[in-house]
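Turn these sequences into a full structure, and let the hints steer you where they fit.
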Amino acid sequence: MTDFLSEEPLLRASGVTRFYGDRIGCRDVSFELWPGEVLAIVGESGSGKTTLLNCLATRLAPTAGAIEYRMRDGAMRDLFQLTEAERRFLMRTDWGFVHQNAADGLRMTVSAGANVGERLMAVGNRHYGNIRGTALDWLERVEIDGTRIDDDPRAFSGGMRQRLQIARNLVTGPRLVFMDEPTGGLDVSVQARLLDLLRGLVADLGLSVVIVTHDLAVARLLSHRMIVMRNGEVIETGLTDQVLDDPQAPYTQLLVSSILQV
Amino acid sequence: MRTRLCLNDVGKTFTMHLQGGLAIPVVAGVSFAVDAGECVVLGGPSGAGKSSILKMIYGNYRCERGQILVTENEKIVNIASAAPRQVLALRQKTIGYVSQFLRVIPRVSAENVVAEPLIAQGTGEAAARKVARDLLARLNVPEALWGLPPATFSGGEQQRVNIARGFIAHYPLLLLDEPTASLDAANRAVVIDLVNEKKQQGVAMLGILHDLDVREVIADRVVDVSGFSARAA
Numbered sequence: 001m002t003d004f005l006s007e008e009p010l011l012r013a014s015g016v017t018r019f020y021g022d023r024i025g026c027r028d029v030s031f032e033l034w035p036g037e038v039l040a041i042v043g044e045s046g047s048g049k050t051t052l053l054n055c056l057a058t059r060l061a062p063t064a065g066a067i068e069y070r071m072r073d074g075a076m077r078d079l080f081q082l083t084e085a086e087r088r089f090l091m092r093t094d095w096g097f098v099h100q101n102a103a104d105g106l107r108m109t110v111s112a113g114a115n116v117g118e119r120l121m122a123v124g125n126r127h128y129g130n131i132r133g134t135a136l137d138w139l140e141r142v143e144i145d146g147t148r149i150d151d152d153p154r155a156f157s158g159g160m161r162q163r164l165q166i167a168r169n170l171v172t173g174p175r176l177v178f179m180d181e182p183t184g185g186l187d188v189s190v191q192a193r194l195l196d197l198l199r200g201l202v203a204d205l206g207l208s209v210v211i212v213t214h215d216l217a218v219a220r221l222l223s224h225r226m227i228v229m230r231n232g233e234v235i236e237t238g239l240t241d242q243v244l245d246d247p248q249a250p251y252t253q254l255l256v257s258s259i260l261q262v
Numbered sequence: 263m264r265t266r267l268c269l270n271d272v273g274k275t276f277t278m279h280l281q282g283g284l285a286i287p288v289v290a291g292v293s294f295a296v297d298a299g300e301c302v303v304l305g306g307p308s309g310a311g312k313s314s315i316l317k318m319i320y321g322n323y324r325c326e327r328g329q330i331l332v333t334e335n336e337k338i339v340n341i342a343s344a345a346p347r348q349v350l351a352l353r354q355k356t357i358g359y360v361s362q363f364l365r366v367i368p369r370v371s372a373e374n375v376v377a378e379p380l381i382a383q384g385t386g387e388a389a390a391r392k393v394a395r396d397l398l399a400r401l402n403v404p405e406a407l408w409g410l411p412p413a414t415f416s417g418g419e420q421q422r423v424n425i426a427r428g429f430i431a432h433y434p435l436l437l438l439d440e441p442t443a444s445l446d447a448a449n450r451a452v453v454i455d456l457v458n459e460k461k462q463q464g465v466a467m468l469g470i471l472h473d474l475d476v477r478e479v480i481a482d483r484v485v486d487v488s489g490f491s492a493r494a495a
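Taken in sequence, the protein lines are chains G and L. The numbers in our numbering rise by one with no breaks, and the one at position 206 of the first sequence is 206. The numbers in our numbering rise by one with no breaks, and the one at position 57 of the second sequence is 319.
It should be emphasised that the hints constitute simulated quantities derived from the structure, not laboratory data. Cβ atoms here follow ideal geometry from the backbone N, Cα and C, with glycine treated the same way. Honestly, I wouldn't trust all of these hints.
[Said to hold, decoys possible] Covered by chain L, per the in silico footprint, the following chain G stretches (three or more residues, Cβ under 8 Å):
1) 36-47
2) 193-201
3) 221-227
4) 233-242
[Unchecked claim] Straight-line alpha carbon distances no greater than 20 Å define the calculated SDA-like cross-link-like pairs of lysine to any residue that follow:
5) K337(L) / N270(L)
6) K355(L) / E7(G)
7) K355(L) / D241(G)
8) K355(L) / G206(G)
Here's what the structure looks like:
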């Protein structure tokens with residue numbers, strides 16, 4: 001059960017700006033993310049949403065602004081003041097990053113079990129039997145048949161690869177997961193299965209999530225809150241259903257009115 | 263505290279940027295209150311702004327003018343100026359919404375759709391599912407359907423699943439958006455019973471009910487929304 005009134009944010013972005021030369025990636029983005037909250041960043045291609053996500057996840061250094069994260073000891077730390085080792089440890093244990101293209105988040109030439117087990121070994125697990133047992137357990141949680149544990153992901157379908165990538169990310173019990181278009185490029189029935197799985201895992205594990213998507217239906221289903229971006233800037237924020245049911249900015253109104261009805 | 267909901271000079275105008283910034287005033291000067299254990303029905307013709315008022319209270323429409331005060335335990339929260347996470351917390355514990363239309367979630371069974379709000383309030387899964395099954399049975403949803411996702415159900419069955427979902431948890435304030443529209447007489451009677459049970463538990467209810475027979479039975483008071491028309495003002 002999500003406690004929406006916890007006192008401390010988990011992540012805080014203040015004035016995050018990233019230029020590529022003199023071109024704007026994203027400009028002056030500020031928000032707070034609270035424990036157990038799912039925040040969707042929506043907008044068209046080129047709106048800066050992936051740039052912002054990469055800055056938040058420390059995959060890209062912002063040109064200006066600060067990003068702070070509440071460490072497990074309760075202290076709020078500026079991510080770009082951490083040592084490289086501290087940041088790597090964070091990314092391997094307390095965070096997950098789900099890529100649109102599963103091949104970017106998996107090691108394609110080692111087995112499914114090893115893909116999940118590798119993150120466990122990175123946090124110090126050494127007992128082979130335990131690692132394999134946990135990997136098997138996670139494959140089942142993401143609905144991959146246990147008999148496929150020794151197959152490598154090249155032999156998996158797109159939907160299975162995506163579910164394997166999610167298992168690999170969640171096995172270390174992260175508190176924050178970044179997702180970049182996790183359902184992009186999957187056909188609709190596979191997408192529905194993945195969304196339902198994500199929705200269940202997020203609720204059960206009380207995860208905080210920042211999810212980038214251009215699909216407003218995905219944002220509606222998964223997120224509590226939404227940030228709408230255009231040309232690198234935030235143009236509207238609010239409760240997901242409020243932004244979708246009562247959009248204020250001209251661009252958001254256009255975006256919402258462009259959804260195809262089935 | 264007797265008063266659970268108080269609207270004070272609430273106003274709303276839609277600005278349609280795709281139509282050259284056309285301003286569509288919906289309501290203005292909306293002021294009324296709802297007490298615990300009372301069912302107030304919003305009256306007035308279609309287009310008078312009844313649904314907009316309900317949506318502003320639930321927070322899926324923005325409230326631009328005035329205050330929407332809700333009592334949460336001993337605190338008073340103004341939804342018109344509350345932070346998103348405060349509104350989410352209110353929706354989890356304090357304000358329920360029974361709407362006509364089910365937003366279907368792929369692959370989630372009817373039983374789990376119904377049980378979800380109770381689980382979110384902290385009830386164990388098995389116990390919540392038991393309550394969900396009892397409610398589905400009361401609302402005459404065939405047992406064979408309980409384990410299936412409602413996407414393929416008939417309109418009436420989906421509506422009853424949604425009613426069960428709306429009534430299952432305890433919220434001190436319950437918003438009813440046409441809960442009996444297109445229900446048959448037997449199921450209307452079940453909804454009337456559910457509303458009366460909530461009243462006895464001290465729940466404050468605010469509803470839109472076009473069905474005059476049902477309104478006659480459950481409404482303690484009617485607030486005529488046409489008096490708050492923004493066009494007249």
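Checked hints:
1. 36-47: violated (count 1)
2. 193-201: It holds: at least three residues are needed, and the region 193-201 of chain G offers 4 whose Cβ sits within less than 8 Å of chain L.
3. 221-227: holds (count 3)
4. 233-242: Satisfied; 4 residues make the cut.
5. K337(L) / N270(L): Answer holds: K337(L) to N270(L) is near 17 Å, not above 20 Å.
6. K355(L) / E7(G): Holds, because 18 Å separates the two Cα atoms, which is no more than 20 Å.
7. K355(L) / D241(G): Holds, because 18 Å separates the two Cα atoms, which is no more than 20 Å.
8. K355(L) / G206(G): holds, 17 Å
Checked against the numbered hints above, the structure breaks only hint 1 and satisfies the rest.
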